[in-house]
Each structure stands twice: as structure tokens, then as C-alpha cells.
Amino acid sequence: MGIKPLGDRVVMKALEEKEETTESGIVLPESAKEKPQEGEIVAVGEGKKLDNGDRVDLDVTTGDRVIYGKYAGTEIEFEGEEYLVISEKDVLAVIE
Amino acid sequence: MGIKPLGDRVVMKALEEKEETTESGIVLPESAKEKPQEGEIVAVGEGKKLDNGDRVDLDVTTGDRVIYGKYAGTEIEFEGEEYLVISEKDVLAVIE
Amino acid sequence: MGIKPLGDRVVMKALEEKEETTESGIVLPESAKEKPQEGEIVAVGEGKKLDNGDRVDLDVTTGDRVIYGKYAGTEIEFEGEEYLVISEKDVLAVIE
Amino acid sequence: MGIKPLGDRVVMKALEEKEETTESGIVLPESAKEKPQEGEIVAVGEGKKLDNGDRVDLDVTTGDRVIYGKYAGTEIEFEGEEYLVISEKDVLAVIE
Amino acid sequence: MGIKPLGDRVVMKALEEKEETTESGIVLPESAKEKPQEGEIVAVGEGKKLDNGDRVDLDVTTGDRVIYGKYAGTEIEFEGEEYLVISEKDVLAVIE
Amino acid sequence: MGIKPLGDRVVMKALEEKEETTESGIVLPESAKEKPQEGEIVAVGEGKKLDNGDRVDLDVTTGDRVIYGKYAGTEIEFEGEEYLVISEKDVLAVIE
Amino acid sequence: MGIKPLGDRVVMKALEEKEETTESGIVLPESAKEKPQEGEIVAVGEGKKLDNGDRVDLDVTTGDRVIYGKYAGTEIEFEGEEYLVISEKDVLAVIE
Chain S
1 MGIKPLGDRV VMKALEEKEE TTESGIVLPE SAKEKPQEGE IVAVGEGKKL DNGDRVDLDV
61 TTGDRVIYGK YAGTEIEFEG EEYLVISEKD VLAVIE
Chain Z
101 MGIKPLGDRV VMKALEEKEE TTESGIVLPE SAKEKPQEGE IVAVGEGKKL DNGDRVDLDV
161 TTGDRVIYGK YAGTEIEFEG EEYLVISEKD VLAVIE
Chain F
201 MGIKPLGDRV VMKALEEKEE TTESGIVLPE SAKEKPQEGE IVAVGEGKKL DNGDRVDLDV
261 TTGDRVIYGK YAGTEIEFEG EEYLVISEKD VLAVIE
Chain L
301 MGIKPLGDRV VMKALEEKEE TTESGIVLPE SAKEKPQEGE IVAVGEGKKL DNGDRVDLDV
361 TTGDRVIYGK YAGTEIEFEG EEYLVISEKD VLAVIE
Chain U
401 MGIKPLGDRV VMKALEEKEE TTESGIVLPE SAKEKPQEGE IVAVGEGKKL DNGDRVDLDV
461 TTGDRVIYGK YAGTEIEFEG EEYLVISEKD VLAVIE
Chain D
501 MGIKPLGDRV VMKALEEKEE TTESGIVLPE SAKEKPQEGE IVAVGEGKKL DNGDRVDLDV
561 TTGDRVIYGK YAGTEIEFEG EEYLVISEKD VLAVIE
Chain V
601 MGIKPLGDRV VMKALEEKEE TTESGIVLPE SAKEKPQEGE IVAVGEGKKL DNGDRVDLDV
661 TTGDRVIYGK YAGTEIEFEG EEYLVISEKD VLAVIE
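Residue numbers (our numbering), protein chains in the order written: chain S, 1 to 96; chain Z, 101 to 196; chain F, 201 to 296; chain L, 301 to 396; chain U, 401 to 496; chain D, 501 to 596; chain V, 601 to 696.
Please note that the accuracy of each hint is not assured.
Away from chain U, derived, C-beta distances all over 10 angstroms, residues of chain L [said to hold, decoys possible]:
id, residue
1, GLY302
2, SER324
3, GLY353
4, THR361
5, THR362
6, THR374
7, GLU375
8, ILE376
9, GLU379
10, GLU382
11, LEU384
For lysine-lysine, the following DSS-like pairs were computed, each having C-alpha atoms within a straight-line distance of at most 27 angstroms [said to hold, decoys possible]:
id, chain 1, residue 1, chain 2, residue 2
12, L, LYS389, U, LYS413
13, D, LYS570, S, LYS89
14, F, LYS248, Z, LYS149
15, S, LYS89, Z, LYS148
16, Z, LYS149, S, LYS48
17, Z, LYS148, S, LYS4
18, D, LYS548, V, LYS613
19, L, LYS304, F, LYS204
20, D, LYS504, V, LYS648
21, S, LYS48, Z, LYS189
22, L, LYS304, U, LYS448
23, S, LYS89, Z, LYS104
24, F, LYS213, L, LYS348
25, F, LYS248, L, LYS304
26, S, LYS13, D, LYS570
27, Z, LYS149, S, LYS70
28, D, LYS504, S, LYS49
29, Z, LYS170, S, LYS70
30, V, LYS689, U, LYS489
31, D, LYS589, S, LYS4
32, V, LYS670, D, LYS570
33, D, LYS548, V, LYS689
34, L, LYS348, U, LYS404
35, D, LYS589, V, LYS670
36, V, LYS648, U, LYS470
37, Z, LYS170, F, LYS289
38, F, LYS248, Z, LYS113
39, F, LYS289, L, LYS348
40, F, LYS289, Z, LYS189
No wet-lab data here; the hints were simulated from the structure.
Using N, Cα and C, we set each Cβ at its ideal position, and we do this for glycine too.
Start from the sequences, fold in the hints, and give me the full structure.
Shown next, in the form of C-alpha cells:
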């Protein structure tokens with residue numbers, strides 16, 4: 001991927017929810033769907049830089065499927081795709 | 101369980117309150133019931149990572165029944181079930 | 201008691217104010233009474249855990265009668281009784 | 301006094317302002333008087349506890365007449381008298 | 401002066417602005433004048449106390465004429481005079 | 501460039517989005533376009549100064565194309581051009 | 601200059617924007633002009649004082665032309681002239 005996040009940030013691709021139609025078959029418009037909370041990490045930073053220059057390694061890595069808070073991070077568009085740049089501390093959990 | 105919380109977080113399953121009918125026998129709709137404040141911990145993180153890479157062990161563990169504040173944590177849905185991801189510092193007490 | 205508070209928290213039982221009738225004999229409804237600010241401590245945590253794993257001992261202990269701020273702490277219900285879970289730093293004073 | 305404040309707190313008795321009548325002799329109702337900003341300290345805590353267990357001594361002591369900010373502290377009632385529990389850092393000055 | 405400020409605070413006497421009449425001779429009522437931002441320091445604290453008991457000396461001293469922000473500090477009345485108690489960090493500059 | 505940012509700040513030139521006309525050929529007025537989130541760094545500070553006088557080196561350098569949050573930084577005008585002065589910690593990622 | 605700012609503050613004289621008339625020759629009233637963001641430093645403090653008494657040297661000095669945020673600092677009037685007292689950390693960049 002062509003984006004390198006800084007510090008303790010990761011770049012994530014939100015995993016689309018599959019149920020786009022209701023049980024009665026009605027297709028839900030985009031705005032009626034809940035924001036996804038699952039994503040796949042596509043790029044990771046080098047970790048928080050300490051004052052002495054050392055880095056704190058991240059606990060997540062590229063390819064991890066993770067759960068994150070609904071309102072965390074910054075949405076960006078890159079080469080026509082939407083991503084979420086988020087600090088690792090706002091990643092709640094890894095799906096194993 | 102398939103979710104591994106990060107850092108000092110735990111994943112909790114809220115314990116449903118039993119009284120779903122009032123004394124006069126009326127069934128309370130979901131919205132009229134108080135949010136539960138008791139839960140069972142189903143997964144725990146490795147503990148807060150210090151700048152030197154060490155971890156601070158958690159005081160709670162999987163299987164603990166705990167009490168937490170009404171507005172703490174982030175609700176998530178995983179494989180059709182609802183969970184609460186919460187920082188250990190927002191867990192108020194353990195039921196022994 | 202069956203509740204073990206975490207960290208620097210204590211569990212308290214509010215001490216009911218006695219004057220439930222006014223001088224003219226009128227019984228005051230619950231909402232017209234001031235929230236009590238005195239309580240008896242029924243359980244204490246092990247104290248704040250430091251990054252090195254040590255604990256900072258609490259200054260209060262089970263059985264202490266204490267004064268606390270009106271808006272501090274989290275009300276919980278446990279086995280049909282109401283308690284207040286409160287951080288020791290929000291306990292103002294001990295009644296001797 | 302029967303109250304022992306915790307940490308860096310002190311218990312204070314507000315000094316009543318004397319001018320309860322205006323120059324024209326009208327008695328001012330309680331609500332029209334400014335909140336007093338002077339008090340006499342009636343009890344002091346042992347000082348802020350540091351993580352290593354040491355205490356930071358207070359700069360004020362019982363009997364000191366002090367000036368404090370109008371909105372600082374928590375009003376409590378104890379044995380029928382009103383007091384103010386206030387952190388020493390909200391005490392502005394000592395009257396010598 | 402009979403007031404000893406605590407910690408890093410100073411007591412200041414606001415310097416009255418002299419132009420109490422406009423150019424056309426109209427006397428401005430008190431509320432139409434800007435709050436003064438200049439004052440003379442009449443008492444100083446012993447400086448911020450560090451956790452080890454040491455003090456950080458103040459950079460200002462009694463008699464200094466200083467400039468301060470319009471909304472900083474707490475106004476007090478002492479022996480019929482109005483003063484401002486202000487933390488040294490809210491004193492912007494000294495007039496030399 | 502004639503501007504030297506202080507501390508951990510960088511000066512950035514926003515990269516204009518190219519699609520100024522909609523698919524139907526309508527030219528979008530300035531206000532209807534999203535604020536760009538990509539920029540090119542044109543000047544960098546010496547890094548955050550620590551209390552001991554040392555500097556923490558920046559992770560970005562002049563010429564880097566970066567992504568930043570929509571509401572971060574301060575817009576300035578210099579010699580007729582618009583720039584954004586932004587703290588490095590608000591730079592989300594570098595485009596490689 | 602007769603003002604000595606305290607700590608990490610500097611005193612600045614805003615540089616007036618020159619275009620006081622529009623292209624059509626209309627003179628703009630003061631309120632319709634943007635607040636300037638450029639200034640010249642006329643006095644500097646001795647730098648932030650650390651708890652051990654040491655100072656952190658400032659990165660700017662008297663005579664520097666600097667850029668600052670629109671809403672930073674405190675406006676003061678001194679001997680009939682208007683100045684801005686601003687913390688060095690709110691100075692964005694130096695114009696070289």
C-alpha cells in the first residue's frame with residue numbers, strides 16, 4: 001500500500017456489512033446502515049516515538065482484523081478508496 | 101472466544117436482568133428497562149503496555165462477574181451477540 | 201460483603217437521614233429530601249496499582265463513617281440494596 | 301472537632317459578615333448577601349499522599365483565618381453546623 | 401500587608417485608569433470603563449511547593465508593577481479595599 | 501522558502517483536487533468542494549525541544565506528500581500564497 | 601522597551617496590513633479587516649522555569665518577524681500602543 005501512517009497510527013479498510021437487504025427484501029440506503037466497526041489493517045506506523053528516540057512497538061500488524069469504536073479515527077480517500085486512519089489506542093480488539 | 105482485547109481492555113457479556121414483567125404482570129419493553137450494570141468477563145487484554153515494553157497485569161480475569169458504570173465502554177456486535185468492550189479502570193468492582 | 205471494589209475504590213452504604221417528617225408532621229417525598237452525604241464504608245479496594253505493580257494503601261477502611269460530595273461516585277444495586285461505589289479521592293473526610 | 305479531612309483537604313467554618321443591615325437599617329435577606337470568602341480552619345488533613353507513601357505537609361493549620369474562592373469546596377452539614385471542605389490548593393491566602 | 405498568599409500566588413492592587421472623563425468632559429460610569437490590566441504587587445507567596453518540599457522561587461516581588469490578563473485571578477475584599485489574588489503564571493509581564 | 505516553523509511544526513502547501521467539474525460538466529464553486537487532505541511539506545521545524553534542550557527529530561521532511569486531518573492546523577497567507585502550519589503529531593500519514 | 605514578559609512569553613507588535621483601501625478605492629473600516637497574523641517581537645521572557653530553577657531558552661528573539669495564530673495571546677495597551685503578549689509555544693513560525 002502506498003500510505004505510511006506516522007507514529008502509533010494504523011490505516012484500516014472497513015469491512016462492509018453483508019446484510020444490505022432487510023428481511024422483507026428492501027435494500028437499505030447507505031445512510032440507514034450502521035457504521036461498520038470491523039476493519040482490516042492495511043498499513044501500520046513504526047510506533048509512538050519516545051522522547052529518547054525509541055519506539056513503542058504496535059500490538060497489531062498488517063492483515064489483522066480488528067474492532068474499533070464508531071467515532072474513532074479520521075476517514076481519508078486515497079486512490080479512489082476510503083480508509084480510516086486511527087491511533088492504535090482506539091483499536092479495541094483483534095478478531096482471532 | 102474469538103476476540104482479543106488490546107491493552108487494559110476486557111470484553112464483557114452483560115448479565116440480563118430477570119424481572120422482565122412488572123408486579124402487575126405487564127411486560128416491560130426493552131427501552132423501559134435500566135441498562136444492566138453487571139457483566140461476565142469473556143476475554144481480557146494483556147494489560148497496559150508501559151513505555152519500556154512491560155505490561156501492567158490486569159486485576160480481573162475471564163469468568164469474573166463484575167459491576168461497571170452505566171455509560172462506560174463501547175458496545176460491539178460479534179457473531180450475532182452483543183458485548184461491551186471496556187477499559188479495566190472503568191470496572192468498578194468484582195462480585196465474589 | 202460480596203463485592204470487592206477495584207483499585208482505589210470503596211463501596212459505601214449511604215446513611216439515611218432521620219427527619220422524614222417536617223416539623224408540622226408532613227412526610228417528605230423521597231425527591232424532596234437532600235441526597236445524603238454521609239455513608240459507612242462496607243468494602244475497600246486494594247489501593248491504586250502503580251506501574252511497577254505496587255499498591256498505594258487506602259486511608260479509609262471498612263466500618264469508617266465518611267462524608268462525600270453530593271455528585272461523586274456511581275450508584276449500584278446489589279442483592280436488593282443500594283450502594284455507592286466511589287474513588288477514595290472523592291471521600292472528603294472521616295467522622296471520628 | 302469530630303471530622304478528619306483526607307489528604308490535602310481542610311475543614312473550614314465560614315466567618316459571617318457582620319453588616320446584616322444596610323445603612324438605612326433594612327435587614328438584608330440571606331440570599332442578598334455575598335457568599336463569605338473568609339473562614340477559619342477547624343480541621344486539616346495529613347497532606348497529599350505521594351505514590352511512595354510520603355505526605356506533603358500542608359501550609360495551613362487549625363485556627364488559621366484564610367481567604368478562599370467563592371465557588372471552591374464542598375459544603376457539608378455536621379452536627380447542625382455548616383462547614384466547607386476544601387482542598388488546600390483552593391485556599392488563596394492566610395490572614396495574618 | 402496583612403494577607404499572605406499561598407504557593408505561587410501574589411496579591412495585587414489594580415492600578416486605576418486615570419481618564420475618568422471622556423474628551424468632551426463626560427464622566428464615564430464605572431461599568432463603561434475597561435477593567436484595568438495593570439496592578440502593583442502588594443504580597444507574594446513562598447512559591448510553588450514541590451513534592452519533595454522544595455519551593456520554586458517567584459519571578460516577581462512586592463512593589464512590582466505588572467500586566468495581567470483581564471479574566472485571571474480572584475477578586476477579594478480585605479479591610480474595605482479590593483485586591484486581586486492571582487497565580488504568578490497568569491502574570492503576563494513586569495513593567496520596568 | 502522564507503518561513504521557518506518552530507518546534508514540531510511543519511509548513512504545508514495543500515494539493516489542489518483536480519476534479520473541479522462534476523461528471524455532468526458543472527463547475528463546482530469553491531465552497532462546494534471538500535477541503536483537501538493532501539499536502540506537500542515545504543518547511544519543517546527543528547523538532548520538539550525537551551526540557552534538557554535536546555530536540556526530538558521529526559519523521560517528515562521537506563518534499564514529503566502527506567495526509568492530514570480536515571480540521572488540523574492554522575491557515576496562513578505568506579507572499580500571496582496560502583499555507584497550513586501544522587504540528588507533526590496532526591500529520592496522519594506519508595504518501596510513498 | 602519597558603515591558604519584561606515572564607517565563608516563555610514574548611511581547612509582539614502586530615504588523616499592520618498595508619491594503620487599507622479596496623481596489624475600488626473604498627477605505628475599509630477597522631472591523632472589516634482581518635486580524636493580522638504577522639508581528640515583530642519587541643521583548644522576550646527568560647524562558648520557562650523548570651522545577652529545578654533552570655530555564656528553557658526561547659527559540660525567538662527581539663526583532664524577529666513571526667507568524668502567530670489568530671486567536672492566540674492577550675492584547676494589552678502600554679503607553680498608548682497596542683501589543684500582544686503571547687506564549688512562545690503559540691508562535692507558529694519565524695519569517696526569515
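Verification of the hints:
no., hint, result
1, GLY302, "holds (26 angstroms)"
2, SER324, "holds (19 angstroms)"
3, GLY353, "holds (12 angstroms)"
4, THR361, "holds (12 angstroms)"
5, THR362, "holds (16 angstroms)"
6, THR374, "holds (18 angstroms)"
7, GLU375, "holds (18 angstroms)"
8, ILE376, "holds (22 angstroms)"
9, GLU379, "holds (29 angstroms)"
10, GLU382, "holds (21 angstroms)"
11, LEU384, "holds (15 angstroms)"
12, LYS389(L) - LYS413(U), "holds (22 angstroms)"
13, LYS570(D) - LYS89(S), "holds (21 angstroms)"
14, LYS248(F) - LYS149(Z), "holds (17 angstroms)"
15, LYS89(S) - LYS148(Z), "holds (10 angstroms)"
16, LYS149(Z) - LYS48(S), "holds (12 angstroms)"
17, LYS148(Z) - LYS4(S), "holds (25 angstroms)"
18, LYS548(D) - LYS613(V), "holds (26 angstroms)"
19, LYS304(L) - LYS204(F), "holds (25 angstroms)"
20, LYS504(D) - LYS648(V), "holds (22 angstroms)"
21, LYS48(S) - LYS189(Z), "holds (22 angstroms)"
22, LYS304(L) - LYS448(U), "holds (25 angstroms)"
23, LYS89(S) - LYS104(Z), "holds (14 angstroms)"
24, LYS213(F) - LYS348(L), "holds (26 angstroms)"
25, LYS248(F) - LYS304(L), "holds (22 angstroms)"
26, LYS13(S) - LYS570(D), "holds (19 angstroms)"
27, LYS149(Z) - LYS70(S), "holds (24 angstroms)"
28, LYS504(D) - LYS49(S), "holds (23 angstroms)"
29, LYS170(Z) - LYS70(S), "holds (18 angstroms)"
30, LYS689(V) - LYS489(U), "holds (15 angstroms)"
31, LYS589(D) - LYS4(S), "holds (14 angstroms)"
32, LYS670(V) - LYS570(D), "holds (18 angstroms)"
33, LYS548(D) - LYS689(V), "holds (10 angstroms)"
34, LYS348(L) - LYS404(U), "holds (22 angstroms)"
35, LYS589(D) - LYS670(V), "holds (21 angstroms)"
36, LYS648(V) - LYS470(U), "holds (22 angstroms)"
37, LYS170(Z) - LYS289(F), "holds (21 angstroms)"
38, LYS248(F) - LYS113(Z), "holds (26 angstroms)"
39, LYS289(F) - LYS348(L), "holds (10 angstroms)"
40, LYS289(F) - LYS189(Z), "holds (15 angstroms)"
Hint violations for this structure: none, all hints satisfied.
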